[in-house]
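Go ahead and model the full structure; you've got the sequences and the hints to work with.
Quick note, the sequences are listed as chains A and B, same order. Those letters in the first sequence? Residues 1 to 857, by this note's numbering. Those letters in the second sequence? Residues 1 to 429, by this note's numbering.
It is possible that some hints are incorrect.
[To be verified] Mimicking SDA-like on lysine to any residue, the simulated pairs with C-alpha atoms at most 25 Å apart in a straight line are:
| # | chain 1 | residue 1 | chain 2 | residue 2 |
| --- | --- | --- | --- | --- |
| 1 | A | K151 | A | Q183 |
| 2 | A | K80 | B | P193 |
| 3 | A | K105 | B | K411 |
| 4 | B | K49 | B | S157 |
| 5 | A | K413 | A | K151 |
| 6 | A | K80 | B | P389 |
| 7 | A | K105 | B | S157 |
| 8 | B | K411 | A | F147 |
| 9 | A | K108 | A | V95 |
| 10 | B | K411 | B | E307 |
| 11 | A | K153 | A | V220 |
| 12 | A | K105 | B | V372 |
| 13 | B | K191 | A | K153 |
Hints listed in this document are in silico derivations from the structure and should not be mistaken for laboratory results. These numbers were taken from a predicted model, which means no experiment stands behind them.
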Amino acid sequence: MRSMPPSKEGRQPLSDTKNAPEMVNITINGIQHEAVAGERVIIAAEKAGEYIPRFCHHPKLDPVGKCRQCLVEVEGPRGKQLLPSCAIYVTDGMVIDTQSDVVKKAQKGVLEYLLINHPLDCPVCDKAGECPLQDQTMTHGPGESRFVEAKRKFKKPIPVSDLVLLDRERCILCDRCVRVADQIAGDPLITFNERGNQTQILTFPNEPFASYFSGNTVQVCPVGALTSTDYRFRARPWDLEITPTVSLRDTVHSNAEINTSRGRVIRVYGATNDHVNDGWLSDKDRFSFGAINSDERVTTPLRKTGTGFEEITWADAIDTVSARLGAMIGTEVGSIGGANNTNEEAYALSKFMRTVIGSPHVDAQLGDGFEPQLAAAVIPRAKIDDIDAATTILVWGPDLKERLPVLYLRVRKAVRNGANLVVVAPTRTGLDAIATHVIRYRAGSGQDVIRKLANADKSMTAILETLAEGPVVTLFGRTSIAEDPRLAESVAAYGRTLDGAKLMPLLQRANVFGALDMGLAPNLLPGRISTTDTDASSHIEETWGPLPDALGRDTAAMLSGAVSGDIRALILVGADPVRDFPDPQAAEKALEEAEFVVAIDAFVTDSSRHADIILPAALWSEVEGTVTNLEGRVQVVGAALPPKGQARSVIGMLNDIATSMGAELTSFDVSVVSKEIATVAPAYQGITRDGIVFTSSGAGIVVPSQEAEIIVEMAPRYASMAPDAVPTEASGSAVIVPAQGTQPLGYIPTDQAVPMVTDRYTLHYAPAMYDDGVITRHAPSIADLVRDPTVGLNPRDASILAVANGSIVVVDGSVELPVRIDEAVPEGSVVLPFNHAATKGLQAVPAVTVEPIRDES
Amino acid sequence: MTTQILTARMEAHPSDSHTIERYLDTGGYATLKKTVASSKREDIVEQVKASNIRGRGGAGFPMGMKWGFLAASDPKYLVVNADESEPGTFKDRQLLERDPHQLIEGIAIASFALGVNRAFVYIRGEYSKPARRLQRAVEEAHEAGYLGENIAGSGFSLDVTVHLGAGAYICGEETALLNSIEGRRGEPRLKPPFPAVEGLYARPTIVNNVESLSNVPWIVANGGEAYAAIGPERSAGTRMFSLSGHVKKPGNYEIVMGMSWRDLIYGIGGGIRDDNELKTWIPGGASSPWLIPEHLDTAITIDGVVEFGTMLGSGAVVVMDETTDVVAAAHSIVRFFAHESCGQCTPCREGTKWLQDILERIMAGNGRPEDVDLLLDVSDNISPGLVWPPAMTTICPLGPSATAPIISITKYFLDEVNAAIEGRQAAVV
Ligand SMILES: Cc1cc2nc3c(=O)[nH]c(=O)nc-3n(C[C@H](O)[C@H](O)[C@H](O)COP(=O)(O)O)c2cc1C
Ligand code: SF4
Ligand code: SF4
Ligand code: FES
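Here you go:
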């Protein structure tokens, strides 16, 4: 099954493991230094203060020694030898000369060679000013050219993908882009063509460089040969302002920098935090920023009129909202969302709801996640670094490549370095090709797989042998919105029984982990405190005043409450339940029926269009604060720009509404709010924005895993789901897994098979990186990359239905789509694109009908 | 001396030396049968070590020593280098075409000695007839039980795969060759790791030339010492020379090393065409720097020629007479290397083409006084110091090979080069 060449250097020693790297003595230019045995000489020399010029060397890529810029002399049995310092490794007693006349001449010679065919069009090149070729020509190069022959000519630029252009004349053939595509992304779609002096980078015929990680090639290119379509000719590097931040396109929080010029974001670059993203970004992280500049942004407060919306002043908006909400009983108000905001904003919302409004009904998840306490406080929680250290990785959750792409890169890296990988999913995932074992199950029957694993069923022997090789890190989450959320709980419970277990919860939305940590869940208070934990909540009450007594409602219960009249007002905070809640029609009905809806949003969406008032929200790059990723790492997001138009941070608007309601919420200053969190939220004790900026040297701080007992209640949390809509529950067979630590984590059904759905197709709602999400839709560079929608069917089912590839079928009586016959879809199930314009409105139920359209004539 | 090891059979039986019938009839496969039946693997390796045979592919590395480096873990592979693309070299072709079973027996004995059960022969794509002959011979050997499962009842098994190249000289370099078999671009790999540790499909691999392996049956049959006794010390055994250019009798000749260049060119080769004056010759393939008449009476030995800054390389001797335009000759070789560069490392990719461009400019009458210095300095940046054996700024020796003709013409024919630069007719013609 596995088809990936191993990395040449194997598993790198983690700095925090017990096996500290072996140190040896080397001599560089006559001076003794200590160096890490086995480290590349170029890196050891740099640590010792000797910078050796280089082009093809990249610390995250296998060495190729191609450009020859880094040649040094090394003493050997047959005298001094010129060797590429990027491709040789430190050994004890090594004697290296980086300065000899031979070395200097060789380095100068290589630079001259690189320049003879280079177009030297620096005045119009995007790279000029941040170009290693320019820089090293200044420091190590020849003064003038001796080349009087004709330069090499190529047609240029040529597109290699939808997002990247190539200028072959500028290319110095360093092989970095090829290696990033192959070794890092696993998309070996760019390659060297021709040979000798005609050697050039190209894609394969009729195969564009379609990779979710293509932008990284632009970033690693040491010259201006690869450029992204959206940045070309837009700016000069010396005009750019740089704001360090993290990407919020998913919960990995890849480190990034925002480049602005003349008040606009014009580029997003990856930044290196080895604990998180190794410097890589997904193309979605990199190319989404166009949405910030979108003309469709809501830039003033809006009030619904009979025909649409009218612009109103902030004062008017605040008055209206506070008057309407103030006229209701606290528990008649609910807030949905907050996962796209900073921790400080989420905290302000949590406090606003619970103290100013007096309502416990807050939920940052939209029925598309799972038990908040499990997500926020799973024990023992894995860090991203633990993936590198794992012997075996079990992935049972959303397709990482589509949903958490940079985490997918991390798992790839671990597998390249020798880790086992077991992937469990209802259809093909991006990781299958490199997995040691793949378990594929009919959507809806996941519990059956767990039961077999837990019972050591004979069919699982080989897989269980692999899972016995600990430490095992389990990455768990819902494989699809149509899947019962309790399955993820069972997976976590199972993962916890494995040797050396560490668990990583997989939720996708931006800062959802931060939002949960700030108490944006019906059963959580800030700092991972259960609402039922009276000791801890009284600590919070010391600052906040009394907390509401009532039991909180989750999104499903708030939406049904809006229909029944129990809930009169809904506050949507960057939330679009009509798109994201499993039952879109129910969500739409709730928003229509609610007496008053406020939407804090940057766009008019399918949900916010139902709002009475829309308050324009600042977006990523416009607000500063802290955020918390899927491992619990708190990092800082930066504000590169003021919010567009009259948009504001949530803290500001909630403070104003509170004041208008005669209450006091919190500070307008993010640093002060952050300090308040550090006092109020137990798990965040001592973790402040300023502290991270000044002390963590960019790495962020991981919230320590809590030791307090967390009770996961199994009962009526998903009341809104119709009982018959849950085919995977094997009632009565639940076994509570004995807690190893202090946290009972749910059940594994051990003795009963899952009831079979026979009359319909069980649904897997497959996510894609480019979907119909609001930001993607408004980001011009990537908006067109959404794949055409299809219905994935097993060949046997297709033949029973008598349909072929491309035949149109009707799903659940409402959606017509072409068939894609796919072996990777188990019999009896159907795969639909999630969050696609074509399937919007379709309910994410466990099972659907599929009927062919017959030509009646 | 007229010792013949490799060519005896084809000389005696010119019409059918390639058939298995003739091979068996002249004692073929007897050594293999005996070896697999009763020899210890280590003993065979010892015999090859004792023979002092050095590789015939170009680098002249002692074959027994290389075999000794093969890492122990299974599976291991033997790869036969039949890419023979060095201009002037055509000896392996004859061995493949005229005595393929001799090679197969050599492969089988070597594989037995090395613990290899899978061998590959990489033949240059243009060699269709030799490839067909070899493929046929492999099939014959299979049918006769000298290849395949349980060879001659010994329990030893070996499969041989014949693999055709696609026309790249660089695929003769052993690691580029391995990449090519694996379906990758024909680019030399960084060494270390050497193939004996991490070769084909990252497994321990021995790469040997066709001629090197064709000697193995004789060495094992007659004993290493007998082989070592032939020819001078450190240049043991016979050797195939491909003699071409301006000689009266071009062709492949199996000679015992130690003879003089005069005996080779004027004796065996029958002298220069039209009885012209000898001007210069390439002693070991296009990669080797040239020799001139003052070297005629020196001995042909692997180490001896190093003194004159060159090598016996692949055994291709290309003779040039007084009518030769050395700038044009150098250009033709430099152009070859520039064209055949794999392009992965900067000095070779850019430098060889630059050398070619400069020579073309000179030949077009646009030379400049500084061009000799420039030619030498561009060469020096590929092969620092222009010493022998060459130092290199490159990954493999192809780049430095392109400097051989530059070194040669500026060392021996500077006047002629300057004349070309000044646009004069070469003085010597
Ligand atoms: C550019 C280049 C081309 C080569 N071409 C050949 C070739 O065509 N045939 C060959 O046997 N060896 C060739 N070699 C030498 C091989 O790399 C290798 O040394 C040889 O096959 C080893 O076999 P031997 O030890 O039996 O000589 C070439 C080397 C270089 C650097
Ligand atoms: S395009 Fe850029 S990264 Fe790729 S080989 Fe050329 S110079 Fe290197
Ligand atoms: S020296 Fe030339 S042929 Fe050899 S690896 Fe470098 S570019 Fe390729
Ligand atoms: S940096 Fe070492 S060869 Fe390119």
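Verification of the supplied hints:
A threshold of 25 Å between alpha carbons decides the hint, and for K151 (chain A) with Q183 (chain A) the separation of about 32 Å lies outside it, so the pair is violated. Among the hinted pairs, K80 (chain A) with P193 (chain B) is consistent with the structure: their alpha-carbon atoms are about 19 Å apart, no more than 25 Å. For a cut-off of 25 Å, the pair hint linking K105 (chain A) to K411 (chain B) stands: about 22 Å separates their Cα positions. Only pairs whose Cα atoms come within 25 Å are accepted, and K49 (chain B) paired with S157 (chain B) is accepted, the gap being roughly 24 Å.
Among the hinted pairs, K413 (chain A) with K151 (chain A) is inconsistent with the structure: their alpha-carbon atoms are about 40 Å apart, more than 25 Å. The suggested pairing of K80 (chain A) with P389 (chain B) holds, with an alpha-carbon distance near 14 Å, which does not exceed 25 Å. Only pairs whose Cα atoms come within 25 Å are accepted, and K105 (chain A) paired with S157 (chain B) is rejected, the gap being roughly 53 Å. Only pairs whose Cα atoms come within 25 Å are accepted, and K411 (chain B) paired with F147 (chain A) is accepted, the gap being roughly 24 Å.
Pair hint K108 (chain A) plus V95 (chain A) holds up; C-alpha atoms about 22 Å apart against a cutoff of 25 Å. A hinted pair counts as satisfied when its Cα atoms are at most 25 Å apart, and K411 (chain B) with E307 (chain B) qualifies at roughly 15 Å. At roughly 23 Å between alpha-carbon atoms, K153 (chain A) and V220 (chain A) fall within 25 Å of each other, so this suggested pair holds. A distance of roughly 18 Å separates the Cα atoms of K105 (chain A) and V372 (chain B); the hinted pair therefore holds under the 25 Å criterion.
A hinted pair counts as satisfied when its Cα atoms are at most 25 Å apart, and K191 (chain B) with K153 (chain A) does not qualify at roughly 33 Å.
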